[in-house]
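Chain by chain, the residues:
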Amino acid sequence: MLNSKRQGRLAAVAVMAVTALAITSCGSGEPAGSTASGGAAAEPVTITVHTFGGGENFGYDKAVEKWNAEHPNIQVKYQNLTDRFEDVYLPQLLQKLQAGSGAADIVGIDEGAMGLMKARSQFFADLSQYGLESRKADFPAAKWENGLNKDGKLFALGTDIGGMTMCYRTDLFEKAGLPTDREEVGKLWPDWNAFMETGKKFQAANKGKDDPKFIDGPNTLYNVLLSQEAPKNGNISYFDKSNQLVIGTNPAIKTAFDTVKSFSEAGLTAKLASFTPEWNAAIKKGGFATMGCPAWMLGVVSGAAGDENKGKWDVAAVPGGAGNWGGSYLAVPKQSKHPKEAAEVLNYLTGKEGHVLAFQEAAAFPSSIPAQQDPAVAELKNEFFNDAPTGQIFGASVKDLLPVFLGEKHAQVKTAAEKVLEGMDKGSIPYGEAWTKFVEAGTKAAG
Amino acid sequence: MSLKVDAPAPARRPGPHPPGPAKPARSGGGLARFDLRATPYFLVSPYFLLFTLFGVFPLGYTLWVSLHDWELGGDKTFLGLDNYIELIADEAFWNSVINTVGIFVMSTIPQLVLALMLANALNKRIRGRLFFRLGILLPLVTSVVAVAVVFTQLYARDYGMANWFLGLFGVDRIEWQNQSWTAWIAISTMIDWRWTGYNAIILLAAMQTIPKDLYEAASLDGASARRQFWQITVPMLRPTLIFVVFISTIGGLTLYAEPVMFEGNPTLAGGATGQYQTVAMFIVKEGFRDFDMGYASAAAWLLFALILIGTLINYSFTRRIGGNK
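Residue numbers (full-length UniProt numbering), protein chains in the order written: chain A, 1 to 447; chain B, 1 to 325.
Since the hints were made in silico from the structure, they are not lab data.
Keep in mind that the hints are not guaranteed to be accurate.
[Unchecked claim] Below are the BS3-like pairs computed for lysine-lysine, each with C-alpha atoms no more than 27 Å apart in a straight line:
| hint | chain 1 | residue 1 | chain 2 | residue 2 |
| --- | --- | --- | --- | --- |
| 1 | A | Lys-150 | A | Lys-337 |
| 2 | A | Lys-175 | A | Lys-437 |
| 3 | A | Lys-444 | B | Lys-76 |
| 4 | B | Lys-124 | A | Lys-153 |
| 5 | B | Lys-212 | A | Lys-241 |
| 6 | A | Lys-150 | B | Lys-76 |
Bear in mind that the values here come from a model prediction, so they are computed numbers and not experimental data.
Bound-form chain A, shown alone (with noise of 0.2 Å):
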């Protein structure tokens, strides 16, 4: 009896006891070599760098053997902690910068979290203080923009960059009869109404039950239409610039939700979910013909699908033009005791070289443009993708890239309101239901 009520007290309490847990785990963190003078230039400072990602992710390794065999007074510590933003480190971040100790020297954050971050300008240094205001001219308006907090000051830099454009399968375009090569496929969907018909015509050659359907899921197609009708709509998605929900009123959303109803009420999706086993399985066995592809999902695909999936695969541009899904960024935290060199290891890492051999080691689009316009990104292509010439097309894809807004809370109102678009596509949610339902859960989520 005793025993048992002491075990329901602790399953009562386990997740404060993970905190404790996750919060006592973070001193392996700390720098090994720092000094409390940090002042002084000629004791040699180490400064820690702390990503997240799957496979390659942020692709720093060479880069800081580089900068290492350069500079011995800073020396940089790279560590990948995980390969989960939201749910692992998202979470430990926010509770080693509340701690005030344990952060990095130097932190990767999702751009799903930069709303979040941008309301905590308590937690990062003001980089402007170490003259990387001089970069605005690098970046696209849309990404210098995002990392500015909330009092107007610069706090973080870009990393990669999203850039847009809809990866397909040659073979099922091919068995379907439509054509197979990437300019003209690109063609035959200049719009969204081109592209359901397309979809259309795809799905009639395919009507048996176990045959592939035209996209993947609603969440690609989703993100893909927000990116593009956000900045239409005073570059805005679920929050306004003061921060209100905006999820049942900005016209963007309801556009993209309205065009996802009726892909899926076509009967074009394969109702998968992004990012779960099924939907793996189908990127490999061919369950669907196209999904939208920002420049970093490339790996995503590339990974799921297989060497045996090696050229079935192809990119092609994206109906409706330009938009920007995910890319990160990099800000350093107030705790850190050498915020003078860890500015400059960020400036190093997000500027032209690091960004060039970051995405050589990582395939991740760069965000800064002189990047950009290197020929080892431009003149980029990508074997797996059929020798996709990907650097051309995801920099025409970045380059009209307008900022949009992201709340304090888009992260979990994003999450809640895919959540409904997925339970309307697979049919638990009627469709009748499924806008006011959309509104009910990003509402509640900000709440």
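Add chain B to chain A, keeping to what the hints say.
Frame of chain A; chain B shown alone:
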């Protein structure tokens, strides 16, 4: 005279003690007595210290946090009981409670019945008894994540084995994650697969303590095997059954890993409309996804209350087992 010298010792320590051991106590004084009394407490103290550190303190701290609007890495304002009031009116919370109880009932009842039958079978004289006894424990050794991953693939819509098997009988593909009851079934099978053997072994151990002569006497009286099972085995197992039910209640009501893994991408929402979001998932989602630690802490306390209620209900049920004829 000599009796007088020895007199104090029996007075201090009643009973026929030899005078020897009493001597050090006289010379050592209070220290030895302290030693004698304090040592046991000292020896058990590590447990209580750890329990205070990792049990009582978090418990109190959670209560403190639950009274605030406590944002992770953000503002903290005192709210009083507002979190609890909001929580009681929160449909999503009650949805997670219904899911948790649903999965608990759906998994625990067949699991315990099965465990009882398994234990009874293993208690008989069969060939390769040890092999079977070890065999039913094997699932417990496997990692819960591995179990969840494998089962989730079995229940996958497009390429899953469950749907392939149903397809042989002409049943249409089931989207297992789409409705509550299908998701509950899928998750319950994961739990049952892993824990039935564990419970069976505990029940088996208890069965072996039942005196054999009870069965012999019953056989002589002409009682059938079935009657022996219900009239002797089950009543004699009552304390063990209570234990097993308690453990299952606590485990079932704090269910977390299986439904999280079943979701595929861990957003902790438990399906588009929360079809299989458990209370534990709800707590972690509020705390570490939405960074609302105050709300999550309040939910953790309500879960604690729920577990107490659940355990008491089950206790009152289990107490009746075999109590009357």
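Evaluation of the provided hints:
With a C-alpha separation of about 24 Å, the suggested pair Lys-150/A and Lys-337/A falls inside the 27 Å cut-off, and the hint holds. For a cut-off of 27 Å, the pair hint linking Lys-175/A to Lys-437/A is broken: about 38 Å separates their Cα positions. Proximity of Lys-444/A to Lys-76/B is assessed by CA-CA distance (about 20 Å); at most 27 Å being required, the pair is judged to hold. With a CA separation close to 76 Å, the supplied pair Lys-124/B and Lys-153/A exceeds the 27 Å bound.
Using a Cα cut-off of 27 Å, the hinted pair Lys-212/B and Lys-241/A is violated, with the two alpha carbons roughly 79 Å apart. As the CA atoms of Lys-150/A and Lys-76/B are separated by approximately 19 Å, the hinted pair is consistent with the 27 Å bound.
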